[in-house]
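> Okay, here's what each chain looks like letter by letter:
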Amino acid sequence: MLGLLVQSAAPVLAIAGEPVLPTLMSAVPAVYPPERLASGVEATVVFELDIDETGQVTRLRVVESAGDDFDRAAEQALRDYRFTPALDEGGEAVTATIQYAYSFEADAAPPVSVEGTVREAGTRVALSAATVRAVGPEGLVRNVDVDDTGTFRLAGLALGEWELTIEGPGLEPEAVPITVAEGKVAQVTVYLVTSKPWEAAAYDEVVDVVGRRTQAEITERTLTADEIRYLPGTNGDVVRVVQNLPGVARPPLNVGQLIIRGVDPEDSAYYLDGGQIPLVFHFGGLSTVLASDLLDEVAFLPGNYGVRYGRRIGGLVDLRTTASLPDRSKGYASVDVFQAALYHTQLVGDRTALTVSGRRSYVDAILNPILNNGNATIRAPRYYDGQLRLVHELPAGTLDVLFLLSDDRFRVLGDDDDEDEVQIAFTTSFQKLRAQARTSLGKRWRNESTLVVGPEAQTFGLAPDGEAFEKNLGITLREEASRLASSSGGLGWRFGADVQIDRFSFLYDVDFQDETEEGAIWSYRPALYAEPTIRWRGLQVVPGLRGDARLDDTGYSAASLDPRLTVRQELGPVPALKIAVGRYSQYPLAREVQPRPEGVGNPDLRPEWALQTGIGLELDISRAWSIEINRYYNWLNDLIVGREDAFRFFTGPPPVGPFDTRPYANAGTGRVAGIESLIKLQTDRTTGWLAATVSRSVRQDRPNEPEELFAYDQPLVLNALVSHQLPKRWRLGARIRYGSGNPYTPVVNRRYELTSRTFIPVYGKRSSERLPPFFSADVRIDKDYVYEKWTLTTYLDLQNATNRQNIEVIGWTYDFAEEEPTTGLPVLPAFGFRGEW
Amino acid sequence: MRGLWLLSGVLLACGPGPNPETRLTELRVIQIVAEPPEVAPGELSIATVTVVDPEERGVEVLTWTCTDLGDGCLEAELPLELWTRVQSPVDEQVEHIVGVPGELAPLLEEIPALPTTVYALACEPGLCPVIDDIVRGRATGTELADVDALMRGLPITGVSLASRFVFLSSAAPEERNANPVATPDFLEERLISDADSLKLRFVVDDDTDVVAYGLADAGGFSMPAEDVVDGAVECEWFAPKNQRQTRLYVAFEDGEGGAALWRGTVTLPE
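So the protein lines, in turn, are chains W and D.
Position 4 of the first sequence, counted from 1, bears residue number 4 in the working numbering, the numbering being contiguous throughout.
Position 82 of the second sequence, counted from 1, bears residue number 82 in the working numbering, the numbering being contiguous throughout.
Take these hints with a grain of salt, some might be off.
[Unchecked claim] Below 20 Å or equal to it, Euclidean Cα-Cα: the simulated DMTMM-like pairs (lysine to aspartate or glutamate) are:
| # | chain 1 | residue 1 | chain 2 | residue 2 |
| --- | --- | --- | --- | --- |
| 1 | D | 199 | D | 21 |
| 2 | W | 765 | D | 143 |
| 3 | W | 471 | W | 421 |
| 4 | D | 199 | D | 217 |
| 5 | W | 765 | D | 21 |
| 6 | W | 196 | W | 167 |
| 7 | D | 241 | D | 256 |
| 8 | W | 765 | D | 146 |
| 9 | W | 789 | W | 327 |
[Said to hold, decoys possible] From chain W, some residues computed to sit far from chain D (all C-beta separations above 10 Å):
| # | residue |
| --- | --- |
| 10 | 85 |
| 11 | 87 |
| 12 | 90 |
| 13 | 143 |
| 14 | 539 |
| 15 | 598 |
| 16 | 635 |
| 17 | 705 |
| 18 | 726 |
| 19 | 754 |
| 20 | 757 |
| 21 | 762 |
| 22 | 764 |
Just so you know, the hints here were simulated from the structure itself, not pulled from any lab data.
From the three backbone atoms N, C-alpha and C, an ideal C-beta is built for every residue, glycine too.
The shape of chain D in the complex, shown without the other chains (with noise of 0.2 Å):
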């Protein structure tokens, strides 16, 4: 039995009504979207990450790959400015560019799926001491390979770190994978809600499995992950008591880097 009773309580923290799971309540990297999440050599990805700050206290977001075969990220012999930036978001995101060196092309002869992982760190004015060297160009870089160490000296609330595999390929541009299309099916302007729960159907084009994640700084969704079936997933919002407007946002994963994010605002009625 041993560790059942662990697994058991965490498969066992669903049931009707929202799931606190789902809830933003701190400062949270909540989706990198990879274009295209599948690149070659020398191609380049735009990486758009979504930052939700509930508490709007300000944040700044420094953004880095890193591509690491085992002894370090390989881009920490580049300079900083090509593979790091420190943004604050604009309407809760920022962009970071991706940019895939030639010279790896070699390596996917050896590894087919190579990856390379975009990490977005937000936190709160003057809590990570790493975003200001590498604004003052105190920084050498190597502080972001090991970003377990690179946590272990930050603070846990007021901080988020988030990451996302893109892969580098040789396959043949169409035989990539790429980011599933996720349309609603309702009317995104009509977002407001006069009972206690909406439902919120997306049509999802993809040919992989992808799963919905549903989240909300306030109310909260019934359960934290929907499948996509028959190329379509319904999440079920339950609105707060005491809140007029809330942010809502459904991410996609296929799972193997592909993302997408749909976001809306509910008003609920006075």
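This is chain W alone, in the form it adopts within the complex (with noise of 0.2 Å):
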């Protein structure tokens, strides 16, 4: 199986005089494909070699291919031949193209000599990029790839001491010494170090880690990449990362809610793989309730989305998990300052994968002794929650099981008498089963089936006896078909069908309010949809209706029709420009409907409902800045007030007064408007973006009342991001923000009530005053250590670096004398441990 060379037919080199032609001065034998050698087959491979003037082959090409394995095994054998160069007719040295062909016989394959397999430290994933020189007794070298499985062969290897050494892009060189033996191979895996991820193959693509979609919604951000879990001040959280997305202010105490486009947190909504969730964060917002490697994707829309979304008449967070199989069984574990958390998902088989997860706070801990004084106890933020998640691929499709959990807990403990006696008590909890299918239909058509079922529960004590909760068991039910419209033109459509089915029960006792409220009632909502996709040339259109319903079982109903419309058009091969407007309906809560004697509610109300409107505009200034644009103008109607005010301890920040004692009504409007705007920095070593938000929020809660500004209207918030992958697996991040404080209106003078010994304010202008500005700067720093089969992540988030005392919310003194605001916390040095395998 000895080359054989031929003589090119028609050299390329035309050789004056007497030309000599290269001759082959050494060869080394290629690994004869083993699937081929086992069942006997022979082949010939004929090549056109470029040889230069050193004799050494600089190009190939097949001439007459045998086989890509055949061709490959040759191929690599060849690039280690060495010739005579050939000469021309004064004897100088020239290049020369010859043909050459390569005979592969099976009698006369040679032994290989190793089995090599190159995979990446810490990932375990098989490296392809990687080529691996061979050194052997008296100088002997020998080259050959790593193919596409992470694997190499080298066959007829002199016997002796050998050094290998394996190297690629972005890769840290690894030499291994081998021994090589008659009559047995040489077995060798070695794990690289990617210590330029950017430079190496598997990276080559620039991730987006703020993407965006060309679908029904004018703003749909998603955050997909892991880069988003090394941004400063995230505590490695994907979701956490939305709120520094325009759109988004940043609420008081920063306890979590999304305050988005100046309507209430409990206006917003979060989704589960389009199943409704009742809350994305743990108390402070300091971790999401589910895993973010459970995450395909993170989608933040905040306004004028499609028919698919329903009841909310703010933005929206949905939660996609990962539709696919993972690529090997992995996970991590985690420990910082806050919490301890655990992820592993096992491949079973081809078609099945197991997920389990948790994690716990221990924040407790760490800041009681900061927020302690006196008699009583805090006992600060305790959470966990938990998730297990069976994916099992169907022939067309998947099937997606998902447990999860999640229990908050907040306590102020002890008095004079008793440091036990519990003196604030604040729990959330909810445990919800998701199943889904995803299969396919056919002719680009595929069905979605999801059911989100599970309790949700909120209780709050206050000493000696209030108490009050709001529980809630949920089933949601969603069926929906979709086409996707061809990206080169054409219709596409989404129709869809979901129910939500409410056990809602609730109570308030508590001191503040002005009567007892308890009541129990089941609430029916479908809801319908269809939304079809026009594609023509650079021009979409998506217009669509969704219609809603409720019954309860106390005899409320109200209906609902929603019509939306997007539309897009390309400028071109980079711009877009997108128009949007829509109607978005939310429907009452049961305590504002529930009737006398159990509530203190209005069974007459209506829906609220949106009017939103959205142009954007979408510009890649190069291949590492983009700019995206877009203005909106909403206006809501039929706003329910009255009362509602002193319900905010279970849904947003503490209201500091004055309150509305009204009896509920649709009495109340509102006008939001802003432009947002998101410049992206990506490259394939740094990631960032400024995102900036102008807006204005204004609400009237009856017509004949003055227009005053909405509780959280922050005028301008400015959220700076940007990350940098250093050498030597070193990441360095910072955050900037900036928003404008909240309005509050101020206490102008006060009156003692006697018979309760309290003090009352007497409030001036409402909303005529605003806090002073927030700002802080985060500052982050990680290092990896990769070993051969997990990798160690350390890091420090140097959260509030500058120390700056921004005051979150407005307070008195017990007498309403003077102002004592709440500050934030101060400069906090969050450090943890990753180890992920």
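Need the complex rebuilt from these two chains, each delivered in its own frame; the hints are there to steer you.
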């Protein structure tokens, strides 16, 4: 099976006089493809070789193929062939092109000397973009490329000591000594460290960490990449990045609520794969209620979303889990100053993956010494969550079952008489089972069936005997069929039905409520929606219609019809113009329509609704830079006003007054206008963006009352983030946040009510004062230590590095003589470890 | 969690030593005791208003009653002099006669416990134009119906407004609420402290849950409020470092309009 030198029929090199053709000096045997050898198949591959003035093969071209495996094996060997150089008529070495035939003969196949596997250190992922250079006795040299499965073989090596050097772009070279012995195959597994990930072939795509879609939504931002967990101030949590996007105002005390486009937190919704979940963040916004690694993407839709979503007048966040099986079994364990977490996903066979994850906070142990004072003890937020997931690939789709639970608790204990006496207790918890089947129906049609079922509860206790709770046993069913429109043009469809069934119970029996309220109702909320997508050249038109209804066992009923339209026009290869308008309805809360005698509600309430309009422009300035600008104007109608203020202890930052204690009525209106811009920088080493939101949100509670600012109106919000990869697996990041202070109503005087011995504030003009602006600078540094089969990441996230005393919430002294605001956390060095396998 | 950080801050504002909430540092109406606290239409109640003026700048006190059924004070239909008074305190106190018109009797069939509110507005001289208007006969009385609007026009310092409900009742006299009776369980004439703190024990006679509130113009009580347990309560006062004579007040509230006030003076030894 020696190579056969074949004279070129028409040499490329014209040699005048008496030219001398290259002659073979040294040859190395190719590795016979194992499957071919086993089946006795023989073959010959004919190459055209370029040989330089030193006799080295500089280029190979297959002239007659014998199949990929034979071709590749022969090519690997020929690269190490050495020839005498061609000589011209003057005896000078010149380049030459010859044809060469390499024959594989089974009987003469050399024995395999070395078999090796090359993997990325830490992840154990097979690396294909690596080469192996073997240097043996008497300077013998062999080179071989690692194949797509991360393996390589060397055959026919001379007996003795050899040194293998494995290297590749972005990889730290690794040298491995081996001994080639008679009748033995040396086995080698090499783990290479990707010291410069941005140069490694496995990372050759620039991942857009804040992506955008071209579907029904005018503004849908998707968060996808692992890069996000390195951003400062996020504590490694992908969903927390949403808090830094345009359209999101910062809530007081950073409680984790999202204030999206100038509406109350409870007017926006959180979804898990299209099924609603009660909350997305644990107390304090420190962490998402499920492991980020379960998520394929986080979709943030601040407004003008499609008919798939409804029952809200604000924005939404949809956590979307990975639809496909993971490429390998993997997991991590992490420990930081707030919490410990564990995640593992295990492939079971070829079609099934099982995932277990969970976390438990111990932030109470850190914060209690800071917060505690006097005789009482604050049990700072304690939370845990857990997830169990099974994904099974069906012949034409996926079955996905996820169980998740979350539990948060906050308590203040102790008084003068009893240090264990509970003064304040607040809990929020839910357990949800989400089952989803995604199947392909052919001809670009697909079906998605989702069931989300489980209880959720919030409880509030206030000494000595105050009690309140809101509990719900919710069932959400969604059946959706969709057909994607071809990107080149055509018609797409989305049809769906979702039904939400709630058994809602509540009790409000605390001192600061006027009357005790309680109730338990069944509520049925069916919805139907349809949404065609029309694509023609660069134009995409998505009209949609959603119909919602509600029927309670108390007799309350209501219905709404919400038409929506989105138009997107590509303006050439780069920019796109988007226009959207739509109606969005939101139904009253159970307590708001609970009639007397159990409740204090108004059964005549209608759904609140918003008319949302928006226009946006996307512009990619270069491969690295892009800009997105959106202008929106929303009208809010039939807003429910009245005694709702006093219930904010469940749903939002603390109300500080004045409170509207009048009966519920659909008397409120509002207007929200704003401009959002997102300037992104995305290179292979740097991720960052500047998000700017300029907005104004006003309300008019009743027709004859003056217009006032929305409670969380923040005219200017700026968030700048950047994270940069450094060599040796260091990362450095920074975040700067600026936000206008929230408006508040000042106390201009007080009066002393003697029966209760309390001072009652006398408020001035509503929302006539504003808190000072919020400013915070965060810095984060990460370092990965890569071991063969796992990676240790350490980080320091210095939050509020300038130790600015940001006023979060206004407050007053006990007699309202002076303002006594609450400030946010001081400089907080958060450090942690994460071991990933 | 939301507002719980704030609420917890309020709860945590206590601890060993004088509580700053119990120290009187500015003009304040500290008590209104109506005797009786529950009256029938056609009867009278005497409201005794106690005003503390730590800086002794002088004070005028406007007192009035307001029975508001949703359309402002019913009293506004009467001449001002029948339901308002402007006085200067004598020994920190003024009195106001609460007259309950007999015409309200039919309302008590619909609303068993109809409250009327006794207000006391104490002002340093010249700070409250409404007092001058009433003295000079320029007021109409409507400005006293909305006390929030009234207070918006007044400065926050040098002014104090307090209120107490007096309940109108058709119940038999023996079934009506009465003011608690708090008897000092110590010798008042020997209230001379030579220690860092002084414990004041009271025996309280009342059939409702009474709470005691300690106030002082120097030093301070350990707790803003102490529950009366088994007919007695003990309030601990901490002496100031640099003031020899201190006025102490302990107000008692039964939560239903019944009230009492004990006043005393502590002289610290040289």
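> With a cut-off of 20 Å on the C-alpha distance, tell me whether residue 241(D) and residue 256(D) pass.
The given pair, whose Cα atoms are some 38 Å apart, is violated under the 20 Å limit.
> Test the statement that residue 90(W) is away from the interface with chain D: the closest C-beta pair must be farther apart than 10 Å.
Holds: least Cβ distance 90 Å, greater than 10 Å.
> Taken at face value, is the distance from the CA of residue 421(W) to the CA of residue 471(W) at most 20 Å?
Violated. Residue 471(W) to residue 421(W) sits at ~25 Å, over the 20 Å cutoff.
> For residue 705(W), is the shortest beta carbon distance to chain D beyond 10 Å?
Fine: 16 Å to the nearest Cβ keeps residue 705(W) off the interface.
> For residue 789(W) and residue 327(W), compute the direct alpha-carbon distance and say whether it is at most 20 Å.
16 Å, holds
> If I take the minimum Cβ distance from residue 87(W) to any residue of chain D, is it greater than 10 Å?
86 Å, holds
> Confirm or reject: residue 762(W) is not an interface residue toward chain D, with every Cβ-Cβ distance exceeding 10 Å.
4 Å, violated
> Since residue 143(W) was said not to touch the interface, does its Cβ keep a gap of more than 10 Å from each Cβ of chain D?
The claim stands: residue 143(W) keeps its Cβ more than 10 Å from every Cβ of chain D (closest is about 63 Å).
> Has the given pair, residue 199(D) with residue 217(D), been kept, meaning a C-alpha gap of at most 20 Å?
16 Å, holds
> With the threshold set at 20 Å, check whether the alpha-carbon distance from residue 199(D) to residue 21(D) stays at or below it.
18 Å, holds
> Test the statement that residue 539(W) is away from the interface with chain D: the closest C-beta pair must be farther apart than 10 Å.
Fine: 46 Å to the nearest Cβ keeps residue 539(W) off the interface.
> Over 10 Å from every CB of chain D: does residue 598(W) meet that, or does the non-interface label fail?
Holds, because the least Cβ-Cβ distance between residue 598(W) and chain D comes to about 23 Å, which exceeds 10 Å.
When each numbered hint is compared with the structure, violations occur for hints 3, 5, 7, 19, 20, 21, 22.
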